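J.: Spelled out, the chains give:
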Amino acid sequence: MNPVGLFSAFRVQQKRTENAYTCSLVLNDSLPDALPGQFVMAWLPGIDERPFSLSDNDPVRITVADVGSFSHALNQLQPGDYLWLRGPLGRGFISRGRSHLLLGGGYGAAPLSFLAKSLCAQGNQVGVCLGARSRADLLLVEEFSSLGCQVWLATEDGSAGKQGLLTALLPEAQNALKPETVYACGPIGMLTTMAAWARTAGLPAQLSFEGVMRCGVGLCGSCELPETTCQQLGLAPGFLVCHDGPVGEISPNHFS
Amino acid sequence: MNPVGLFSAFRVQQKRTENAYTCSLVLNDSLPDALPGQFVMAWLPGIDERPFSLSDNDPVRITVADVGSFSHALNQLQPGDYLWLRGPLGRGFISRGRSHLLLGGGYGAAPLSFLAKSLCAQGNQVGVCLGARSRADLLLVEEFSSLGCQVWLATEDGSAGKQGLLTALLPEAQNALKPETVYACGPIGMLTTMAAWARTAGLPAQLSFEGVMRCGVGLCGSCELPETTCQQLGLAPGFLVCHDGPVGEISPNHFS
Amino acid sequence: MLTPELNCSFLGMNLTNPLVLASGILGTSPSLMERMALSGAAAITSKSCGPEARAGHPNPVTVAWDCGVLNAIGLTNPGARAEVPLLRETKQRLAALGVPLFASIFAPRLEDYGEVARIIAEAEPDLIEVNISCPNVASEFGTPFSASAESAAAVTRTVRKAVNLPISIKLAPNVPEISLIAQAVVEEGADAITAINTMPAMLIDATAAKPVLSNRTGGLSGPALKPIALRCVYEIAQAVSVPIIGTGGLSSGIDAAEMLMAGATLVGIGSVVINDGPSVFSRICTELATFMKDNGYAQLGDVRGKALT
Amino acid sequence: MLTPELNCSFLGMNLTNPLVLASGILGTSPSLMERMALSGAAAITSKSCGPEARAGHPNPVTVAWDCGVLNAIGLTNPGARAEVPLLRETKQRLAALGVPLFASIFAPRLEDYGEVARIIAEAEPDLIEVNISCPNVASEFGTPFSASAESAAAVTRTVRKAVNLPISIKLAPNVPEISLIAQAVVEEGADAITAINTMPAMLIDATAAKPVLSNRTGGLSGPALKPIALRCVYEIAQAVSVPIIGTGGLSSGIDAAEMLMAGATLVGIGSVVINDGPSVFSRICTELATFMKDNGYAQLGDVRGKALT
Ligand SMILES: Cc1cc2nc3c(=O)[nH]c(=O)nc-3n(C[C@H](O)[C@H](O)[C@H](O)COP(=O)(O)OP(=O)(O)OC[C@H]3O[C@@H](n4cnc5c(N)ncnc54)[C@H](O)[C@@H]3O)c2cc1C
Ligand SMILES: Cc1cc2nc3c(=O)[nH]c(=O)nc-3n(C[C@H](O)[C@H](O)[C@H](O)COP(=O)(O)OP(=O)(O)OC[C@H]3O[C@@H](n4cnc5c(N)ncnc54)[C@H](O)[C@@H]3O)c2cc1C
Ligand SMILES: Cc1cc2nc3c(=O)[nH]c(=O)nc-3n(C[C@H](O)[C@H](O)[C@H](O)COP(=O)(O)O)c2cc1C
Ligand SMILES: Cc1cc2nc3c(=O)[nH]c(=O)nc-3n(C[C@H](O)[C@H](O)[C@H](O)COP(=O)(O)O)c2cc1C
Ligand code: FES
Ligand code: FES
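Going down the list, the protein sequences come from chains A, B, C and D. When we follow the numbering used here, the leftmost residue of the first sequence carries the number 1, and every step to the right adds one. When we follow the numbering used here, the leftmost residue of the second sequence carries the number 1, and every step to the right adds one. When we follow the numbering used here, the leftmost residue of the third sequence carries the number 1, and every step to the right adds one. When we follow the numbering used here, the leftmost residue of the fourth sequence carries the number 1, and every step to the right adds one.
For the record, the hints were derived by calculation from the structure and aren't laboratory data. The structure presented is a predicted model; accordingly, all values stated were derived computationally and were not measured. The C-beta atom is built at its ideal place from N, Cα and C for all residues, glycine as well. Don't take each hint at face value.
Restraint-style ranges between C-beta atoms, simulated for each label pair [what the hints assert, rightly or not]:
#1 C:ASN7 x A:PRO171: 55 to 63 Å
#2 B:ARG96 x D:ASN295: 40 to 48 Å
#3 C:ALA138 x D:SER9: 50 to 58 Å
#4 C:LEU180 x A:ILE188: 48 to 56 Å
#5 B:ASP58 x D:ALA96: 34 to 42 Å
#6 B:GLY46 x A:GLN231: 53 to 61 Å
#7 B:GLY46 x C:ASP302: 13 to 21 Å
In silico DSSO-like pairs for lysine-lysine, Cα to Cα no more than 27 Å straight-line [stated by the list, open to error]:
#8 C:LYS293 x C:LYS306
#9 A:LYS117 x A:LYS178
#10 A:LYS162 x A:LYS15
#11 C:LYS210 x D:LYS306
#12 D:LYS293 x D:LYS306
#13 D:LYS306 x C:LYS293
#14 B:LYS178 x B:LYS117
#15 B:LYS15 x B:LYS117
#16 B:LYS117 x B:LYS162
#17 D:LYS210 x C:LYS210
#18 A:LYS15 x C:LYS210
#19 B:LYS162 x B:LYS178
#20 A:LYS178 x A:LYS162
#21 D:LYS210 x C:LYS306
#22 A:LYS117 x A:LYS162
#23 D:LYS210 x B:LYS15
Work the whole structure out from these sequences, hints included.
T.: Shown next as structure tokens:
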């Protein structure tokens, strides 16, 4: 069956504070054949197990926003501590074309940093739009810049970049970059807005979805996208985030 | 565990009569990575399962003397019939040096024909001594000749080659061939005689043993060589024909 | 030779092939059940549903490796009342495809089985599968009813009285003589037997020095279960004459053929969904048809029970 | 950190490591038993011996694949009387290496267990392991005594009365609650428990349309059995306080550590012998020591039962 189905023990090699409630945990090894957009199930024995995107894989890194008890426990880990992962799981982003626009809301920036790194390494042109409530909430901005990406910012309070929603950056970024594909990760509202825009712009979109993960391998059904979301985005009904996604590809034609 | 442990279904492609009570069954496929000297467990559902050496592997061939109920059933098979094999099992011959002397008693010629083919293909010099009760009982003589081996024969009744036991051919063959290693397959008496001669001649010997095979994979213990045989030949006690053999290697020094 | 016929009849229903989605795989969502029917599942079993809503166990609830899967989902379900509209919707979508719906039920106490069956019957499934063998709730519910012929028979009697639909009783492998339990439930009116549920098992992570599943123990399924399932079905087929839904560790058309040869009428497909996703049914169907063609079997009836004699 | 200590004490015996050769693996030949002791087996269990000589089942008796082994050897043995000199010779050779001998016995009828135990005791093994759980002779002997607490207790009582040696009762996995059976045999005076024997199973060859083993069904061992064995040992360890010889599907030092964590005092090594041959013990010992060192365990006592809490 799935060779990635058993946990492997990793150790935290380095911990980097990204903002007041988010840290990146750099682990002591890589995962074989992991692709940007794929995720892992992270386990702390006796505590819980939750899905996190790979924000890098050389070595493994996850970027964790403290939003509840498990992500809080991860934020307490220190270098040397153990962390158990199974994965890489799911389908990641597929690079299409030479010019790419990435859109990250909140910790949605995490998988995009791994994607940007891989796209830039192949000599692609990469632009990134990042959004958050305010300047202090923005994630990985310097990392994207230092990879050589063009970066646009939006904050709800205007403390950095454009004031307003992240999706408001799209026209400007499109003009500057002429992307062939757009990639997005963030809250579902942002994803649907992005998808609607991509359809108008005639661009294929790759959206990274979230769902409540239990098995993580397509057995239990708990991560199914709501049927209305599938309809709205032109995805086949019964989309399983862990098996069919997390990244779903939407062609401008199939959008309804 | 052992990937060769499950049966595969083969079909008899060609049947060749070798003598009045022996046939070769040429099957419709090869076994991955089979070496000369290795064996298979051949199964006829509802009848029985027994060990046979590979007498070729391109495609699989076994050469079967009709000595009892199962080998009789094999001798009745016709082209198109199914035969189930698991294997290749055990350790085969290991080619050492450039000049080789092979000694086959009875159906012991079977694994040696595969060995001779492989040695000749690598440009080695190969001599073969074959023995049987009488001319009509000799096996695979033409095959060895057509591979380019030098062949010596012995029969108990003198109807072909030298009259007497096969091992009587050894001095002559050694003189002619100056072998670096000797290989033998046949009755245990022949093997011990051969081993004693090899010790005197200062030659390493590779002997293919028989044992009662049940599991064929080193689990049940039924194929253990008698402790006295091991002692006599300088093999470590508890030699399992299926796991440590069928081919046992005897250095001229370790012989007692 | 002509293309072999995969269609078969099961308790008066006509199925296009012998493959049934096993209970609990991908839950009870109408869209997922429909997706698997479209891929080739000839019948669909819904996730077991009990009297009350259950969230199930905390994570981790599943691990998979090359020999199998260990799960302790913990019977996540919305409770019988809330399940009815879900099943109605599923039944409607499946009916359009000619695919019957088997509704699985469980209950913590004997008395509750009748009530759950009655409620679920309102959704008019084509069969009720009675799960008496979930290994993952023993700490809450006690030893499963599948443990003895008496308790298994008692549940069967209760459900038999409660509903007029065909019923299949789902048995567990961790019993000394499964054929005695099969006989007992058939005597109480079971129309079919589903065998087997998962085998109680545990994995420990050595570095963590802890069981991997939050529930500690779980149910073993997938390849490791196949030889156990084949043996159970083989024994049941010799003991009773009702049809068997042979389930456990099947991952290919050849596996399905082996299960039919052991005496199954239908074959349940579960954990292998991990590898192929919901499209696994079309692959297994093709492989089964190829196997039958290559080996001269014109129809399923020729394969069924072949290894029994 | 210092090299971890693998030595351990078991019913007053001092063993250099926790690895025991499981019963039936490579029979009872003194030379083979000695070979495995030389490779690192800290204790040796001989093949189960009964009242009469048995040839065992016809071939095929074993098949192996990546998830495990299926065997139905059929309790091949020379009969208790003829076994005594064999065991004496084995005992003598093992004693020279400081390795205890556990002699396994079985019997078709309850009455015979006492007699077989008495005869085998003449060879003065260090322990008698009472096999009440061989799945491969059910067609001749009926349901194994391991099937219920009552029958398991009855055998224990019989053997307990017959001999003064330490006894371990070997249990089967195909029961609903193995811990109840463990409790019953401990109450009757079992000094230890060996868990588990193989799981009854079957493989069918689809092309042949026949069960692969001549006995049709067989016992499943190897990797597929590990999660089942870990669960059984985990449950037994919580129910009784006698030492457990945890056996089933272990192929590495990490597996051995997991079994110790589940509560085993010693670990049985069986089918993995296929891969490495008799030298498997030295590999597993090294791996276990490495695991302990890497994870800061100084001695086996620190590993044992770690996953129970
Ligand atoms: C494919 C995928 C990739 C993700 N990548 C990241 C990432 O890179 N960085 C990051 O910070 N977060 C990521 N998340 C979200 C992360 O899994 C949740 O933030 C985390 O599960 C919260 O757990 P908690 O115990 O801290 O919070 P809780 O208090 O349990 O819940 C807070 C919120 O987390 C979500 N959640 C709870 N349980 C689950 C579950 N089993 N599966 C999924 N979501 C759940 C719910 O929306 C819930 O409202 C990802 C989620 C998915 C599905
Ligand atoms: C490694 C090996 C390679 C062999 N290669 C060949 C070969 O290439 N050609 C060939 O003709 N024969 C070969 N044999 C011998 C062959 O296995 C026996 O001739 C065959 O088992 C006889 O079975 P039967 O039912 O015909 O005879 P039976 O009437 O059962 O017995 C005849 C004799 O065969 C031997 N035998 C019986 N059962 C077994 C068993 N389970 N395992 C091994 N030997 C048994 C005994 O010596 C017995 O006296 C080989 C044996 C071994 C161990
Ligand atoms: C994730 C998962 C959930 C399951 N849930 C149920 C369930 O709710 N009811 C049930 O009767 N069986 C349940 N089962 C057991 C399966 O229906 C099936 O009997 C078992 O998995 C063996 O088949 P397989 O090896 O093909 O998976 C579940 C199995 C898995 C893997
Ligand atoms: C070939 C073979 C023969 C066996 N014979 C016996 C036996 O005679 N008595 C017994 O108690 N167990 C016997 N067993 C069971 C083993 O002792 C052990 O309990 C089982 O194989 C599980 O361990 P494993 O997975 O490490 O092999 C046998 C197992 C095998 C594979
Ligand atoms: S999390 Fe179980 S199917 Fe996706
Ligand atoms: S035949 Fe079983 S050990 Fe060799």
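J.: Please write out, lowest number first, the hints stated earlier that are contradicted by the structure.
T.: Hints 3, 5, 10, 13 and 17 contradicted; others consistent.
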